[in-house]
Structures are given as C-alpha cells and as structure tokens.
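Participant: First to last, the sequence lines map onto chains L and Z.
Start counting the first sequence at 1; every next residue gets the next number (this note's numbering).
Start counting the second sequence at 344; every next residue gets the next number (this note's numbering).
Hints may contain errors.
Chain Z is faced by these chain L residues, among others (derived, beta-carbon under 10 Å) [what the hints assert, rightly or not]:
hint: 1; residue: 58
hint: 2; residue: 94
hint: 3; residue: 98
hint: 4; residue: 102
hint: 5; residue: 106
hint: 6; residue: 112
hint: 7; residue: 113
hint: 8; residue: 124
hint: 9; residue: 127
hint: 10; residue: 166
hint: 11; residue: 176
hint: 12; residue: 179
In silico lysine to aspartate or glutamate, EDC-like type, Cα no more than 16 Å apart, as pairs [stated by the list, open to error]:
hint: 13; chain 1: L; residue 1: 92; chain 2: Z; residue 2: 581
hint: 14; chain 1: Z; residue 1: 484; chain 2: L; residue 2: 18
hint: 15; chain 1: L; residue 1: 214; chain 2: L; residue 2: 235
hint: 16; chain 1: L; residue 1: 92; chain 2: Z; residue 2: 590
Worth flagging that the hints you see were computed from the coordinates, not collected in a lab.
For clarity, every value in this text was computed on a predicted model and none was experimentally measured.
Just so you know, even glycine gets a beta-carbon here, dropped at the ideal spot from N, CA and C.
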Amino acid sequence: MSDTLIEVNDLKIHFFTDEGVVRAVDGVDLTIERGKTLCLVGESGCGKSVACRAFLQIVHSIGKIVSGEIIYHRRVDNNFEETIDIAQLNPKGRQIREIRGKEISMIFQEPMTSLSPMYTVGNQIMENILLHTNLSKEEARQLCVQLLDQVGIPQPHRLVDEYPFRLSGGMRQRAMIAMALSCNPTLLIADEPTTALDVTTQANILDLMRNIQKEYQMALLFITHDLGVVAEIADTVAVMYLGKIVESGDVDTIFNNPKHPYTQALLRSIPKISRTREKLDTIQGMVPNPYRRPGGCPFHPRCTQAMPECSTMVPSVTRFSDGHTTRCLLYENITTKQFAELS
Amino acid sequence: MDLEREVEDMWKFLFRRTLAMLFTVWVVSIISFAVIQLPPGDYVTTLMSQMVSQGGRELTPEYAEQLRELYGLNESMYVQYGKWITNIIFKGQFGYSFVYKRDAVELITERMPMTFALSMSSFVLVWVIALPIGIYSAVRKYSIGDYIFTFLGFIGLAVPSFLLALILLFVSQKYLGQAMIGLFSQEFADAAWSWDKFVDMLKHLWIPTILIGLGGTAGLIRTMRANLLDELNKPYVETARAKGLSETRLLLKYPVRHALNPFVSTIGWTLPNLVAGEVIVAIVLNLPTSGPVLYRALQSQDMFVAAGFILLLSILTVIGTFISDLLLAVLDPRIRLR
Ligand SMILES: Nc1ncnc2c1ncn2[C@@H]1O[C@H](COP(=O)(O)OP(=O)(O)OP(=O)(O)O)[C@@H](O)[C@H]1O
Ligand code: SF4
Ligand SMILES: [Mg+2]
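Extracted from the complex, chain L is given alone in its bound form (with noise of 0.2 Å):
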C-alpha cells in the first residue's frame, strides 16, 4: 500500500468564455502524500483555486476538465485500496458527492460569505454530518457542539445556535473548518483560508491548521501566496505559474536550492526582517493577460535570465534527487549531459 493519497497528471482545465478560452489550468502534476502538507504557491490568477476545485468536481460551470487524470488512493479498510480517477467522475454525480464533504473537503478564502446568513452555524455544519454519516440528529447536534470546542469557538453550547453574520471574520473561518473536520476527511484543501483576515487572527488560524492536521492525521494542501506561511506549515511546496506547476519539492530544498528563476525571485521577494533597509526586491512585469499567454516558456516576459530559445520552446520538466522538479530550459541540457554529475 501506498503513502501516496492523490496523483495529478498532466490536468488541463480550461474556460470556454465569450471573449475566448481561458487555459487556468494547462498541465498540473501534483503529488499528496497521506498525512502531508503540501504548499501549492503562486500569483494571484495563475490557476490555484481552479486547479484544487477539480479535486472535488466542482469548477465553475463554464469550465472544463479537458485532460489528465486525478488519480485518488481510497482506502476502503486497513489492506484494501482502490483508485479513482475524479477527473472522470460526473460533477453531479453520486460517487463524487461521496467523496465530498466526508473523505475530500474543503476551507474557502471568504469566511464573510461561504457561509449562509440564513442558517444557524450549526445547521450549517449538521447538514455534513447528517449527509455522510447515520448519527441521529441529537448525536449530531453533540459532535457539532464538539468540534465548535474543538477549532476554539468559545461558548459551543450557545454559538451552534447562532447565525454566522453575528460572528466575526475569524470565528466564521474557524466553524469552517470545523465543519470540514465533522467527517474525519483524509484530505484537506484550504484555499487560502487565512488571506481575509487580520494578521493576529491569521496566526491563530494557522496554529489552529497545524494543530488539527496532526490530530487528524490527514494530508492538506495549503494554498497560499505568503511565502512565510508556507515555511512554517509545509512538508513540500510547489510553485505555480500561468497554470502550470514551474518547481517542486520538499520544503528545505525549495528554499534553500530553488532551481526555477521565478521561484528565485518569488523568494527575493519575501521581505527579510534582518535587512529592512533594503529595498524589497519585486518580480518584473506584470502577470500576462489571461487569454494571451506568452508561448515558449510562459515565464519569459519577466525572467531575468531569459535565452533567445525561451520564447519558443516550452519546457519540460528536469527531475534532480528526491523529487525535486522543475520546468525550465536553464536545466534541460544539464539533464542530458550533466546529469549524474550534479547528483
């Protein structure tokens, strides 16, 4: 049995919009482990939110999985797996909806508004429990009052009965998240959960994640575009540019060896405390517009260390040592001669 929970392989999402096709998502490979943290990084718009709402099927209507596979490790009991390829499965249909909410689930970037005024929170978060499991109302009612105690809500007891526009932006994102444990999923993806609120709350989040994930034992992807939480909560990142994945690895090595120029200059980027008179160093340019991304490499426009060949050939991807990938033509000739040298 593998430690391997989820494979994406060459997923292309794409947007049949009025005014043309919006590749969001042209190529992604990704890797969860069980149990794991992996950081999915990058600007805003490259295809993040698209790219983890296809784990669940449920990209906006007008978009389209239009290739590659979501390959999904199930483990039916203690020696049994299957394998389910989600990308295949209907967005209406009954095995994905199995899936979500209860092995699969989900923390949005807006706690102001995923949830409903019209609800109590704790209607809110029954109707999960409800759906995927055979507790009866009162049992479900207790195990929601639970996890409201669980995630830190104060007053459990009277807040399950309260509704979700009398309480404020952290306590919102916190019975999100309790509302995503209610199953026990063994993955859970957070899109930028903490993004909207306050920096002190965003701390508190955060702690709150990590505390959870190894409680629960279940894998995340994180996704963000602060490089600092992803040093604090990953295990390995990767990097996302114009809907492809550009590096990947483990934590350290992303950081300390980052191969690809735009992971190089997303970590210049990072204010550094220690030289706060130093200006802070920006990446060039400005994210190309959506429905004419740059051909060759789609990171040339603003790489510093573009070549003549860049703005025609795309790059594959070059594998060095434990998983460490990227896609840039800087390494491609490196592969084929330099290879065993480097490693």
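Starting from the known structure of chain L, fit chain Z with the ligands onto it as the hints suggest.
Facilitator: Relative to chain L, chain Z with the ligands alone:
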C-alpha cells in the same frame, strides 16, 4: 442567542410594523378623501350639467343649494372629512351614493368581496407560475426553455389585458355561442349564496384571473430569474456543493431561499397592480367587482362611494405590504435580529 430573545425581537418588530401600518392607513384616508375633492365642482354641479345635456329642466339655484345642504357639501373639507371618517370608524357608515341612491356601504359589501377574491386568485396564480419558471430560467440560463419563457413573458407584458379580454369575449361568443362575461351564470346572478353558487363562481373566476394575472407574471419571472442568477455563484453555494449535497437540495435550501427575499418584497407592489388591472378587465367583462362602480363613481363625482372604495383598496395594499414585511422577517434572520 436564545429563543426567548428571538421571540422578544419578533414582538418588537410586530409592534413597530403595526404602528407604521396604522399611521399609513390614516394618511391614506386623508389622501383618498382629498383626491376626490380635487376636480372642480361637486356632485350637484355634475347633476346640473347632466340635466342640461339631457335637455331637461335646469335646476334652480335654490334647489341646488337645498341639495348641497342636504348632503353637507357646503361645509369645509375638514368638517366633511371629520364626519366621514368618524362615521366609518364608529358606525361603519360610508355615506350615501348619489348615483345609485343607496347606502354606499351596501355597494361596498356587495362588491369588495368579489374584488378581494379575484385579486387573491390572480395573486396566487402569478406566484404559482412565476416562481418555478423563474427558478427554471435562472438555472437553465440561455437554454431553449429560458428563451421560450422570456418570449411568452414579454408577450404577456406587452399585450394589454383589456385587449385579451376583448379577444376572449369575441372568441367565446363566436365559438361557444355565449360570451364569457360576469362571474355568475344567469340563474345564480341574483340568487343568495349557496354551495352551487360558489362552484358556479369558481367556474367563471379563472378567466378574469388569468387575464389579470398575466401581465404581472412576466415581471415576476424576470425578478426571480435575476435574483437567483445573482445568488447562484455566491461562495455559500460553493460551500454547500463541497459538502456533497445533491444539486436540487442545494438549490432549494440555499440560493432559492436567498432569492426569495426580494421576491417576497414585491408583494407590496403586485397587489395595487392587480387591483388596477382588475378595473379594466372588470369593465370589459362586466364583472360584479368594485372596478366598474369605482370608475363610474369617479366620473360622476359620487364622492362617498369613490372615497370608500379607494380607502378600502388602499388598506388592502397596506395590509399586503405588512404581510410581505412579516414574511421577510420570518424568512431572513438578518431582518428579524437587528
Ligand atoms: N468562472 C471563471 N470564468 C472565467 N475564467 C475564470 C473563472 N474562474 C477562473 N478563471 C480564470 O482562471 C484563472 C485562474 O484563476 P484562479 O482563481 O484559479 O486563480 P488563483 O491562483 O486562485 O488566484 P488568487 O490567488 O487570486 O485566488 C484566472 O486567470 C481566471 O481568469
Ligand atoms: S525557460 Fe527560460 S524563460 Fe523560462 S524560466 Fe527558464 S530561463 Fe526563464
Ligand atoms: Mg484563488
């Protein structure tokens, strides 16, 4: 938050709303009375000119004065209003109809229930049609069905109801040999109320119901469709979907529930529309409702009848708004728990 506090909030809300409603009714009564005094002259003037145009004898100024004295038309408007409203509140007296030479209250009790029945049935029809079609049109946006309903809706909106009524009259006369007018068959028209009469009324009621309701339906379909489209892509819908709810359950529990809010608040303005539509259709189809009587009363300055009907119709509308506010509070905790 405890149940007790929620109940208490609800009572406070009810109290506030009831006060506001009573105040509105008072203002409405003043306006109803003032409006019918606006045109120059009074009932006696109308009567005089009628007699002249019919080639009859002219009223002597003395006789005219006597008439005015009799009906209290010489007194100031304030006094007239005061008498009128106290009589209504304390005696249930709405004054006298100059035209019908009867107690105005008789006319009102004869006609208002029919108007009420017709408006209610049109209202129910509008909702029963508009709600599911609106939901369908939003969920299947730009599908063939959506286009067909949009097209039909615009026809309903564009064709005036009196034209439809006339067409219906013509068709029923020509092919059924009997014009579909009135609310009762001949044998029941003057009969006392009985079960058979009620059934007979239901048989006739559906035609004006459809005619009156049709215009409003298109508007409400658009409202529901637009509201729901706004809600369909909200984050809370995504959350619900990520739980694994089926699309139908999810749709009804979350976005439809949210979209219902602005839909419910349209009750306030659908009612007056229906009542206004009723006037025209009722005149064409010769229905025993308040529309034709009100119309005639306004024409001949039969002031007590006109003021009485306007007042009652306005009160109906105010009550409609009150009900819609109540429903909103029940539906939406954000309104209830301020
Ligand atoms: N519903 C949609 N219709 C059309 N295009 C879309 C839609 N949703 C996403 N896209 C496109 O897909 C691309 C990726 O969007 P996505 O939301 O995944 O970015 P992201 O990496 O999550 O950014 P952020 O950090 O801002 O959340 C964007 O360029 C966007 O234009
Ligand atoms: S392939 Fe060329 S342009 Fe792209 S990142 Fe590497 S060096 Fe820069
Ligand atoms: Mg996003």
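Participant: Could you run down the list of hints and mark each one as holding or not?
Facilitator: Here is how each hint holds up against the structure:
Nearest Cβ of chain Z to the Cβ of residue 58 of chain L: about 5 Å, under the 10 Å cut. The hint holds. Contact between residue 94 of chain L and chain Z, as hinted, is supported at the beta carbon level, the nearest pair being about 9 Å apart and thus within 10 Å. Residue-level restraint check for residue 98 of chain L holds (minimum Cβ-Cβ distance to chain Z is 6 Å; threshold 10 Å). For residue 102 of chain L, the shortest C-beta to C-beta distance to chain Z is roughly 7 Å, which falls under 10 Å, so the interface hint holds.
With its C-beta approaching chain Z no nearer than about 5 Å, residue 106 of chain L sits inside the 10 Å limit, and its interface hint holds. The criterion of a C-beta within 10 Å of any C-beta in chain Z is met by residue 112 of chain L, whose closest approach is roughly 9 Å, and the hint holds. The interface hint given for residue 113 of chain L is met, as the beta carbon of that residue sits about 4 Å from the closest beta carbon of chain Z, less than 10 Å. Because the beta carbon of residue 124 of chain L sits about 8 Å from the nearest beta carbon in chain Z, less than 10 Å, this interface hint is met.
The interface hint given for residue 127 of chain L is met, as the beta carbon of that residue sits about 6 Å from the closest beta carbon of chain Z, less than 10 Å. This hint holds: residue 166 of chain L has a C-beta 7 Å from the nearest C-beta of chain Z, less than the 10 Å allowed. Given the 10 Å rule on beta carbons, the hint for residue 176 of chain L holds: about 7 Å separates it from the nearest Cβ of chain Z. The restraint placing residue 179 of chain L at the interface with chain Z holds, with a minimum CB-CB distance near 8 Å, inside the 10 Å limit.
Simply put, residue 92 of chain L and residue 581 of chain Z have alpha-carbon atoms about 13 Å apart, close enough for the 16 Å limit, and the pair holds. A threshold of 16 Å between alpha carbons decides the hint, and for residue 484 of chain Z with residue 18 of chain L the separation of about 15 Å falls inside it, so the pair holds. Restraint check for residue 214 of chain L and residue 235 of chain L: the C-alpha separation of about 13 Å stays at or below 16 Å, so the hint holds. Taking the CA atoms of residue 92 of chain L and residue 590 of chain Z, the gap is about 7 Å. The hint holds against a cut of 16 Å.
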